[in-house]
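Trainee: Sequence:
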Amino acid sequence: SDVSNNQLSDKLPNSLANLTNLNTLHLQNNQFTGSINVLTDLPLNDLNVENNEFTGWIPNELKGIDNLKTGGNSWSTGQAPPPPPGVQHRRRPATEEKKSEGPKKSLQNGLIIAFSCLGGLALLLLLLLMFAFTRRRRSPPPSSLFLDDDKMSGRKGFTPLHSQELGAESYVGILKEPKDFKSMDPGNGDIKSLLKSPSMGLRRSVSGRVSFSENEFANRLKGRRSTSVQAVPYFLADLQKSTDNFAPGRLLGEGTIGRVYRAKYPDGKVLAVKKIDSSHFQGQKPEEFSKLVTNISKLHHPNIAELVGYCSEQGHNMLIHDYFRNGSLHEFLHLSDDFSKPLTWNTRVRIALGVSRAIEYLHDVCSPSIVHKNIKSSNILLDLELNPHLSDYGMASFHLRTSQNLGMGYNAPECAQPSAYTLKSDVYSFGVVMLELLTGRMPLDNQRPRSEQCLVKWARPQLHDNDALAGMVDPALRGLYPPKSLPPFADIVALCIQLDPNLRSSIAEVVQALVRLVQQSTINMREDLSASCRTNDSEY
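Reading the sequence shown from the start, the letters are residues 484 to 1023 in our numbering.
Heads up, some of the hints might be wrong.
Said to hold, decoys possible - Computed cross-link-like contacts, BS3-like style, restricted to lysine-lysine with a CA-CA straight-line distance of at most 25 Å:
no.: 1; residue 1: Lys724; residue 2: Lys752
no.: 2; residue 1: Lys494; residue 2: Lys940
no.: 3; residue 1: Lys494; residue 2: Lys824
no.: 4; residue 1: Lys824; residue 2: Lys781
no.: 5; residue 1: Lys494; residue 2: Lys546
no.: 6; residue 1: Lys552; residue 2: Lys494
no.: 7; residue 1: Lys752; residue 2: Lys494
no.: 8; residue 1: Lys781; residue 2: Lys758
no.: 9; residue 1: Lys781; residue 2: Lys752
no.: 10; residue 1: Lys724; residue 2: Lys747
no.: 11; residue 1: Lys724; residue 2: Lys552
Claimed, not checked - Cβ-Cβ distance ranges computed for the label pairs, FRET-style:
no.: 12; residue 1: Lys967; residue 2: Ser934; range: 42 to 48 Å
no.: 13; residue 1: Pro749; residue 2: His799; range: 47 to 53 Å
no.: 14; residue 1: Asp750; residue 2: Asn528; range: 30 to 36 Å
no.: 15; residue 1: Ser989; residue 2: Asn528; range: 15 to 21 Å
no.: 16; residue 1: Asn778; residue 2: Leu982; range: 51 to 57 Å
no.: 17; residue 1: Asp529; residue 2: Ser902; range: 53 to 59 Å
no.: 18; residue 1: Glu536; residue 2: Arg931; range: 29 to 35 Å
no.: 19; residue 1: Trp558; residue 2: Lys967; range: 29 to 35 Å
no.: 20; residue 1: Pro944; residue 2: Phe718; range: 53 to 59 Å
no.: 21; residue 1: Pro731; residue 2: Leu551; range: 40 to 46 Å
no.: 22; residue 1: Asn778; residue 2: Glu536; range: 27 to 33 Å
no.: 23; residue 1: Arg933; residue 2: Gln797; range: 35 to 41 Å
No wet-lab data here; the hints were simulated from the structure. Note that the Cβ used here is the ideal one computed from N, Cα and C, for glycine as well.
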């Protein structure tokens, strides 16, 4: 199959691993990124990936391809680290492959040639759909994400980063076209993509088909477990060098599992390295970390912080993720100064919807369901367009006592008994995050009066009081929000933080409720914004 010279971009989709009869693939002269590990198990004898933006190592399994062209990419040098123990590929390395070649090779090639044609057509359709999808993504204007404080002050405040400023890749957000809600036309067909829940119409069994409709392809992008490990192995020495030997100045955060460091490479690439405390693997077999890497690397959704690499050397176990330059939601809401730009109301609703969809993916799409156990604003990372990415998933086995990692402000009442933690406990924690978005307050704040220190206890009696709601809203918004959106937002929060887990909504119900809120907000957006937008800066 030949899809060269088409200006295609983004990572190779994991669905390529299903094209098991494909033996010719030409991807040259595009802008593909990431690794080519997804091609490892394909029976290729002609592969051209020249002049793209691929990184990582060329898998040993592909080096034996008769006609292999890989120039014009940013490959890592040196010998590739081995895959985690227990991970096997169907395609053998080149040295083993040549030993096993025999008279039946020509027969096998003859039998699969017809199938490869079908696979090539499916691949062409798949990549063209991905190209059309990524071309339609646009960055929201910075003014639609923040309230502009600079116009009200002679002093320049902190300005969050945007992709336009850094030239970085844009991210797939929760919108098919990531725009602020005020720019969305309710009659436009794109709203259907926004409102579609990832668990609807998505079967849990892995399909063997290689021909997709556009909807099926979109669903695969939104989230199904991959059948192959996509994480790239990293050498310990390289990570030590890129983090200045894990210097305190590179520390991004610390939790009960370990510490996260900022790794910067000479080519400008920046990664976040989670160094897991060695005590978590004492007395365990090395395969336990490999199992963790394998399981996490198979999870793919636009609103989770996906695993991009790992390291397991000399007793060190590390997970590597993309570095999100805009930090966490916690930092935006609670650590900003008087001159920072607060998130707009529409951006907050968009963040809530994105996080709910990430949780829905873990709860309802993954099989078996994945309980998170650590949902809080500091684990919600924001990309350059302020799309949310839920981190620290797949680590539930390390969180035996959630009070240690979550903190009392996020803990559901039933979590006094660790064994009582369920999917509904995740929903409770998400409800607390929604309260943070609504009020701008921390879950537990000892600096406030005693009656207001616990956010949930303070807020719960007021959520159904429309008059009280206006007084609960984050003062940083300065009244710039559609008033009609407050009661339905508060209703969703109330259903999430019910004391009895049986009375709480499922995350799928939360997603649908937020979708309805988006629909209602979109219909009345122009009217509401015209009533609340500033018209004269001199008034402030």
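Trainee: Next step is simple, just say for each hint if it's right about the structure.
Mentor: Each hint tested on the structure:
1. Lys724 <-> Lys752: At roughly 13 Å apart (the allowed maximum being 25 Å), Lys752 and Lys724 satisfy the hint.
2. Lys494 <-> Lys940: violated, 45 Å
3. Lys494 <-> Lys824: Status violated; Cα separation ~33 Å.
4. Lys824 <-> Lys781: violated, 36 Å
5. Lys494 <-> Lys546: holds, 20 Å
6. Lys552 <-> Lys494: Holds, at roughly 18 Å.
7. Lys752 <-> Lys494: holds, 16 Å
8. Lys781 <-> Lys758: holds, 20 Å
9. Lys781 <-> Lys752: Cα-Cα ~23 Å, so holds.
10. Lys724 <-> Lys747: The hint holds at about 9 Å.
11. Lys724 <-> Lys552: Between Lys724 and Lys552 the Cα gap is close to 31 Å, so the pair fails against 25 Å, i.e. violated.
12. Lys967 <-> Ser934: 42 to 48 Å: violated, 29 Å
13. Pro749 <-> His799: 47 to 53 Å: For His799 against Pro749, whose Cβ atoms are near 22 Å apart, the range 47 to 53 Å is violated.
14. Asp750 <-> Asn528: 30 to 36 Å: With a Cβ separation near 32 Å, Asp750 and Asn528 satisfy 30 to 36 Å, so the hint holds.
15. Ser989 <-> Asn528: 15 to 21 Å: Taking Cβ atoms as reference, Ser989 and Asn528 lie about 49 Å apart, which means the hint is violated.
16. Asn778 <-> Leu982: 51 to 57 Å: violated, 33 Å
17. Asp529 <-> Ser902: 53 to 59 Å: holds, 55 Å
18. Glu536 <-> Arg931: 29 to 35 Å: Violated, since Glu536 and Arg931 (Cβ atoms, about 49 Å apart) do not stay within the stated range.
19. Trp558 <-> Lys967: 29 to 35 Å: violated, 54 Å
20. Pro944 <-> Phe718: 53 to 59 Å: Between Pro944 and Phe718, where Cβ atoms are some 56 Å apart, the hint holds.
21. Pro731 <-> Leu551: 40 to 46 Å: With Cβ atoms ~44 Å apart, the hint holds.
22. Asn778 <-> Glu536: 27 to 33 Å: With a Cβ separation near 28 Å, Asn778 and Glu536 satisfy 27 to 33 Å, so the hint holds.
23. Arg933 <-> Gln797: 35 to 41 Å: At roughly 50 Å between Cβ atoms, Gln797 and Arg933 fall outside 35 to 41 Å, so the hint is violated.
When each numbered hint is compared with the structure, violations occur for hints 2, 3, 4, 11, 12, 13, 15, 16, 18, 19, 23.
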